[in-house]
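S.K.: Here is what each chain is made of, one letter per residue.
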Amino acid sequence: MSKYSVIGTRVNMVGGTDKVTGNAKYTTDINLPGMLYGKILRSPHPHAKILKIDTSKAEKMVGVKAVVTGKDTIGKKQGIWRRFPELCDEEILCRTKVRYIGDAVASVAAVDEDTAEEALELIKVDYEVLPAVFDPMEAITEEAPQIHEGVELNINVNRHIEWGNVDDAFKKCDHIREDQFVCSSQAHMCMETHCAIASFDYNGKLTVWTSTQSSYYIQVLLMDMLGMREGDIRVINPYTGGGFGSKFELDSAQFCASLLSKKICKPVKIVLNRMEEFTATKRRTPMYYFLKLGAKKDGTLLAKEVRVITEGGAYTAMGATALYLTGFFSSFPYKYPNYRYDGYRAYTNTQPSSAMRGFGAPQSTFVGESQLDMIADDLGIDPFEIRRKNGMTPDYVVPGQAFIQSCGLHQCLDKIEAHIKERGKLPPNRGIGIAAYGFMSGGIFNWFDTPYAFSAAIVKINIDGKVDLFTGANEIGQGSDTTLSLICAEELGVNFDDIRIHSADTGICPADLGAWGSRQTLMSGNAVKMAAADAKRQLMEFAAAKLGVNIVYDLDIKDGWIHLIDRPERGVSYLDIVKATIRGKDGETIIGRGHYTPHRKGMISPAYSFGIQAAEVEVDPETGKYKLLSATTAHDSGQVINPVGIEGQLEGAIMMAGGYGYCEDQPTENGRVLNPAIGDYQLIRSLDMPETNILEIDTYEPEGPFGAKEAGEGLTNPTAGAIGNAIYKAVGVRINTLPITPEKVFRALKEKEKKEKK
Amino acid sequence: MKEILKIKVNGQSHELLIKPKTLLLEVLRDHLGLTGAKRACDSGACGACTVILDGMAVKSCSILALQADGSEVMTIEGLASGNELHPLQKAFLDHGAVQCGFCTSGMLMSSKALLDENPNPNKKEIKEGIDGHICRCTGYNSIVRAITDVVKGEYKEVK
Amino acid sequence: MIKDFELFTPKTLDEALALLHKYRDECKVIAGGQTLVLLMREGLIIPKYVLNIKRIPELSYITSGKDGVRIGAATTHRAIEKSPVMKKALKVLAEMERRLSYIETRNWGTIGGNLCNADPAGDPAPALMALKASVKMASVRGERTMALEDFSLGSHKTALEPDEILTEIQIPVVPPRTGAAYDKFNIIEGTVATAGVAVSITLKSGDGVCDDVRIALGGLARTPMLAKKAEKVLRGKKITDSLIKEAGQKASTEAEPISDISASDEYRRELVKVMVARTGSEAFARAKKA
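Chains as they are written, first to last, in this note's numbering: chain A, 1 to 758; chain B, 759 to 917; chain C, 918 to 1207.
Hints are computed from structural coordinates only; laboratory data are not their basis.
It should be emphasised that the depicted structure is a prediction, and the values quoted were computed from it without experimental measurement.
Honestly, I wouldn't trust all of these hints.
Calculated cross-link-like contacts (lysine-lysine; reagent style BS3-like; alpha-carbon spacing at most 25 Å) [unchecked claim]:
id : chain 1 : residue 1 : chain 2 : residue 2
1  : C       : 945       : B       : 764
2  : C       : 939       : B       : 777
3  : C       : 1162      : A       : 754
4  : C       : 1121      : C       : 983
5  : A       : 296       : A       : 172
6  : A       : 124       : C       : 920
7  : C       : 928       : B       : 777
8  : C       : 1162      : A       : 757
9  : A       : 52        : A       : 25
10 : B       : 764       : C       : 920
11 : B       : 764       : C       : 965
12 : A       : 25        : B       : 766
13 : A       : 292       : A       : 172
14 : C       : 928       : B       : 766
15 : C       : 965       : B       : 882
16 : A       : 627       : B       : 764
Build out the structure end to end from the sequences listed, making use of the hints.
M.R.: Written as structure tokens, this is what we have:
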């Protein structure tokens, strides 16, 4: 018997019927009267000065209504780390210099897409091609061309995390391993590409419909880049076809559409094509790792030293956060008495690398869990035992960094170990590998420099008991509309169907930082819970008066029934009290307000999810090809609010993270992506999708609404590591670079054969 | 030099004057306002534009509209019956087989075409039936479970 | 974006041939268009005229008779996959089709279109070559036939004259005691073959001796090719596991693979060894049962 009526139940997602009937309007589906279509001209060079842009022929072309270049901007650079201007380095529409193949240089609005595309061909750009550098190791040498003025050796960010004394600690270790790994990039591959409709009216007010993870961020960044008043910009988030970290920065579609619309006061729609999506947006940050791990012979980990160089690409974007988080999560989920991390981000003349689901943690988990299995193997210790010995526990403090409250890691270990035991002895060439992980439930940092609470919500109760919930949180397919409606309904004591949610419209919803860093369930959820509680409190005043109960009794609402908690049969209907409250307050609308910002929660996050995943593979030793048979995960996300949602996040994460381990890659040559098309970019489809199982863990996170924490990104962390460890178990070879392709496995097996013959 | 296209979409006949280069997807989205089918890639590889043409699931982005002259097309907008959702639509919702929804129209079209051709597919056949579709959100298994439940008769329409 | 063109939709093959002859230098033939439409969208092919042969009835059929099997060039992949004609040794064609791209592509794309596109890694060519297929081409000048292995001249180049249309694929009668199999290697199911191998083995009566053999490789040279030296290893000999393996080694030396983003040439050579051995064994097993 659940103590909750609404949360934890299986419901159909909010907006689901629109999606299954084709009624859901995404940005690309919206057509406004007088709307024009925009296209963007992009640099063919990885590094060049823009000497001159001649748009005269394009402007004269029949059907072309506006052309913009960098000259039409106010000359600012933007970035997400607004508190640190030196990291705001991207003009989006380049004025003097292009820094990667795909950098935008001009944009055209025309009566239809074909005309706009033809007009691009009429724009003549004179470039002075500059030497370019693509490899971060080369980029940080003296000989490398400087990509941004004033940034020596192209290193624009470095991060350092340290506690204890690793150098002393290594001296005390019985065994030390030093290993190098290379983690590849990855494309977000949202089914909906970046797109925006921007519409300026004749009063200078801008409305933008866009596929985004944060309407608020886009509003503020447009304010920065257009030199406008924040309140004169309204960002609306129609149905959105995925984000995964690619859509909370200001992008070329949004910016160019706004600039074009400004010129002519007509709506302009820009939709990036798939090639632009692969080459001129952002991607997962590739990372080069140097890891040193020291342990006692009983498996106690004493010291870990991590050095990372990341391939930053042409602009900082969210790369500084990925750099920091990979350093922090390299210590997860274990108790290292001594730890040191140094990370460097190098500019390169490639597509900017930024945030992608997991945000540096899939990389750190792959390398960390691989090396941990390696040292366990060296010491003859079982992989579960070494993780148990060193795994984090509730109320652990990461020195100077984080306060872990709830932590279900050990329950997860138990469950997965039992699952593997049940599998029994495996046939030859099959192996099960595990990877443990943890992740943040939103970040505590305010490098965006917002004056607002990180999340806020408004609840309005109508005379018929129906509730309108206003939240700035963005529904991007992950189910936040559903999760937040569940939280609201539970807190208010009404049915799920009584909630109507309005989300991510900056014109009517309070600010929320949006859907990234797996923050919305905890942060937006807390704001929603507070708003619902605020509205409830107003009802309770009148309920208490109506019921005339003794002061020792508490009241609560459940299933539309306001009652004494100790004597639930005594009460009054929620609907009656709503009417009474409105009448009693002179007809005033019942409004509840809530907000949330984490305070004094360390450097990273107010709460952490934990888990462990077991991947089973079967390797064909003659070709190196392997099948992903199954992935079983025990994930601790505290109280489950939206079980259908969590299962969906888990299975979807395995597809994405499994792809990161197995096949997804963007090989480049001289800065050019070689496979910028679906079909050439390999990713997992249904026939190659492994079986997925989720094992329930029961914990309670004090910081989260009803004890909930994240379940979106953390699940992307373990799969690559689990695959790597599984392949080792199956055929005894280890691959230290991602993706782990069949050819790499084949070559490793041949090497192993050669060594064994000697 | 435009030509006349005669096509029946979701049971309704249309006569349109279009350029020969017009894709079937463009006729549906831009000329008929049926925006359920999506353009998500430029290489005919993702499945989001799938519709049912003369009973077969096809990628409307890779077909010249005039090649479908005289044909019957069903799009996602034609799947529900009046205000009653099709069993597949209900199953998708119940199983959480929809997240961002961008692939959903195409996914449902291929699912329907699969069951129309073979009302009793096994698991592999179901996976093959949707293998032409990329879904970045769900991991496919919930979609397979939804279709399986429809095959098992869990959503038998009550007449 | 696709540039404007004029579309012809002739009702008969003769009409089509006349039009193609008239506009031959600026005209592209479209059947299923599963490749052509994409190339036009990318601006890689910009024809002034497009000749639509998709629904010409005389180009879409699968028949079986005393001369073997005949497949109209505009027959869809899916029709071949589902055809009751594809039994016994011909089952290899249904199996090959089942692994070709995805159902939606197969529902509309045609076997003729695939062969004319002449992707070196295409699936149908090696499977058909293993069955000794020929292709028939027609123009206003008449018809001609050639062995399929001579049809592809290079990557995306065929022996078709500018005014010729591929009309039919002909598969001779399959001798008794013949088994054929096709395998392709890719990382994700449904994608283009990194390497494709088709083997057909015909046994002499009862004693496991190979009367005839075909080993066809796809995606391992500029065109699909027959590994003739590998075939020699088996032809006339009693087939054993180690002999099949030897044939695989030999085929590996005959192949001329390239390195690309999918695989290196060395790895492809290794795949040939393994795949010829495995596909050969499967063909042998089927021949014994046939």
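S.K.: If a hint holds in the structure, say so; if it doesn't, say that too.
M.R.: Evaluation of the provided hints:
1. The suggested pairing of residue 945/C with residue 764/B holds, with an alpha-carbon distance near 24 Å, which does not exceed 25 Å.
2. With a C-alpha separation of about 22 Å, the suggested pair residue 939/C and residue 777/B falls inside the 25 Å cut-off, and the hint holds.
3. The straight-line distance between the Cα atoms of residue 1162/C and residue 754/A is roughly 21 Å, inside the 25 Å bound, and the hint therefore holds.
4. Our distance criterion of 25 Å between C-alpha atoms is met by residue 1121/C and residue 983/C, whose separation comes to about 21 Å.
5. For the hint linking residue 296/A to residue 172/A, the alpha-carbon distance of about 8 Å falls within 25 Å, and the restraint holds.
6. Annotation: proposed proximity of residue 124/A to residue 920/C holds, straight-line Cα distance about 21 Å (limit 25 Å).
7. Distance restraint check for residue 928/C and residue 777/B: the Cα-Cα separation of roughly 20 Å lies within the 25 Å cut-off, and the hinted pair is therefore satisfied.
8. For the hint pairing residue 1162/C with residue 757/A, the CA-to-CA distance comes to about 22 Å; that is within 25 Å, so the pair holds.
9. Only pairs whose Cα atoms come within 25 Å are accepted, and residue 52/A paired with residue 25/A is rejected, the gap being roughly 40 Å.
10. The suggested pairing of residue 764/B with residue 920/C holds, with an alpha-carbon distance near 23 Å, which does not exceed 25 Å.
11. Under the criterion of a C-alpha separation no larger than 25 Å, the hint pairing residue 764/B with residue 965/C is consistent with the structure, at around 24 Å.
12. Using a Cα cut-off of 25 Å, the hinted pair residue 25/A and residue 766/B holds, with the two alpha carbons roughly 23 Å apart.
13. Of the supplied pair hints, the one linking residue 292/A and residue 172/A holds, its CA atoms being roughly 14 Å apart against a limit of 25 Å.
14. Between the alpha carbons of residue 928/C and residue 766/B the distance comes to roughly 21 Å, so the proposed pair stays at or under 25 Å and holds.
15. Restraint check for residue 965/C and residue 882/B: the C-alpha separation of about 44 Å exceeds 25 Å, so the hint is violated.
16. Taking the CA atoms of residue 627/A and residue 764/B, the gap is about 47 Å. The hint is violated against a cut of 25 Å.
Violated hints, in rising order: 9, 15 and 16; the structure is consistent with all others.
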